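In the order they appear, the protein sequences are chains Y and U.
In terms of the working numbering, the first sequence opens at residue 1 and continues consecutively.
In terms of the working numbering, the second sequence opens at residue 235 and continues consecutively.
Incorrect hints may have been included.
Cross-link-like lysine to any residue pairs, in silico, SDA-like; alpha carbons within 20 Å at most [as the list claims (entries may be wrong)]:
1. Y:K42 <-> U:K263
2. U:K263 <-> Y:I160
3. Y:K83 <-> U:V240
4. U:K352 <-> Y:W110
5. U:K334 <-> Y:Q46
6. U:K334 <-> Y:W175
7. U:K239 <-> Y:I156
By construction, these hints were calculated from the structure, which means they are not laboratory data.
These figures come from a predicted structure and were not determined experimentally.
Spelled out from the first residue to the last, the chains are:
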Amino acid sequence: MFNIFSPSKIFSITSRATKYVFAIFILIISVGLIEALFLSPKDYIQSDSVRIMYVHVPAAWISLGIFSLIALLSISILIFKNKTFSLIAKSLAPSGFIFSIIALVTGSIWGKPTWGTWWAWDARITSMLILGLFYLMYIVAWRVISPNNANKVTSIIAIIGVVNIPVIKFSVDWWSTLHQPSSINILSKSTIHHSMLVPLIIMTAAFALFSLLIFLMKYNTELIKIKNKGLDRL
Amino acid sequence: MYGKKVKLRIFFFSIIFLAILLTTFLILKSLEENVVYFISPSDVKVLPELSKKKIRIGGMVKKDSIETNAKEILFIITDYKSEIKVSFSGSIPNLFAEEKGVVAEGFLKDRNYFTAKKILAKHDENYMPPEVKKALESKK
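Just chain Y, same shape as in the assembly (with noise of 0.2 Å):
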């Protein structure tokens, strides 16, 4: 039921995607970071650390995204027992990583002027911080794990590990945090100013696009490796 997903035909596609999605990558964080650093405005109490925002928050949420999509995907592998998807999960996952710990560590940043810690055990970011952990003992498995057993264990890692999800995501509403809770709603008006939004979704769509580089890159990878095995198929 999943024949387009057939690695070889999926290779001849995602070797040549590479070099294309790098070079909108560039445009894109380019466009992204003039915004951010130099057009975009100071905030009326924060003044230049509200900068730091533009990072952090793409980080986090496509940390969160990639944890849900890998989450997913694993659902499906447990019940289709699809190979194809084990590699796709697995070639998701350091980019995810990456910038769970990016979020964390310019979050940290971020904390130190503004509040006054660089840590607090509160709810937001002690789960964001289970998040990585998460994404560790995912990756961590890939690796120790006999290849036999290894994609099921990985998924089961990722279905107990998306429970966190929401409650990242919530964290803030639910429980008393030192973290602010959200400026962007969809249901109710955000509290960032426009100007402000902008660079905030440049800056998304650019932190998609590596994610999508580094996941294109792992996947052909892992494609060249089992090529090399001698083996045709999955």
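Following the hints, put chain U in place on chain Y, whose structure we already have.
Chain U in isolation, oriented as in the chain Y frame:
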């Protein structure tokens, strides 16, 4: 449309997933006291007993309540229902200001007086350029 085995797996994994969800919910529920980062002045008033342990109290810095002297800084944390007086000596974060969010970490002397050891400024969800802020204020 799916085979019997696939259907069985769907059923099995949905049960497992619901179990994980329920477990997480119960764990978080039972840890609620520890998950909250700070309590409000109103919570302090209804605390069953005053513990000697370090706690955090959060709320807004009341308008015109900040007093500084050589030794310490005094201010009032309010949640617009009840309030608590806070004394603190040490350096305060830049964003600490009247009518802004604050989290104080320290010890309760009684239900109305708190000795802070650390002050954190809480940023709210509003992001806007200075000109917009000015325009908003002049409208008031």
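Evaluation of the provided hints:
A hinted pair counts as satisfied when its Cα atoms are at most 20 Å apart, and Y:K42 with U:K263 does not qualify at roughly 40 Å. Proposed proximity of U:K263 and Y:I160 is supported: the alpha carbons are some 18 Å apart, at most 20 Å. Of the supplied pair hints, the one linking Y:K83 and U:V240 holds, its CA atoms being roughly 15 Å apart against a limit of 20 Å. Between the alpha carbons of U:K352 and Y:W110 the distance comes to roughly 18 Å, so the proposed pair stays at or under 20 Å and holds.
For the hint pairing U:K334 with Y:Q46, the CA-to-CA distance comes to about 12 Å; that is within 20 Å, so the pair holds. Proximity of U:K334 to Y:W175 is assessed by CA-CA distance (about 19 Å); at most 20 Å being required, the pair is judged to hold. For the given pair, U:K239 sits about 19 Å from Y:I156 by alpha-carbon distance, which is consistent with the 20 Å threshold.
Consistency with the previously given hints fails for number 1 only.
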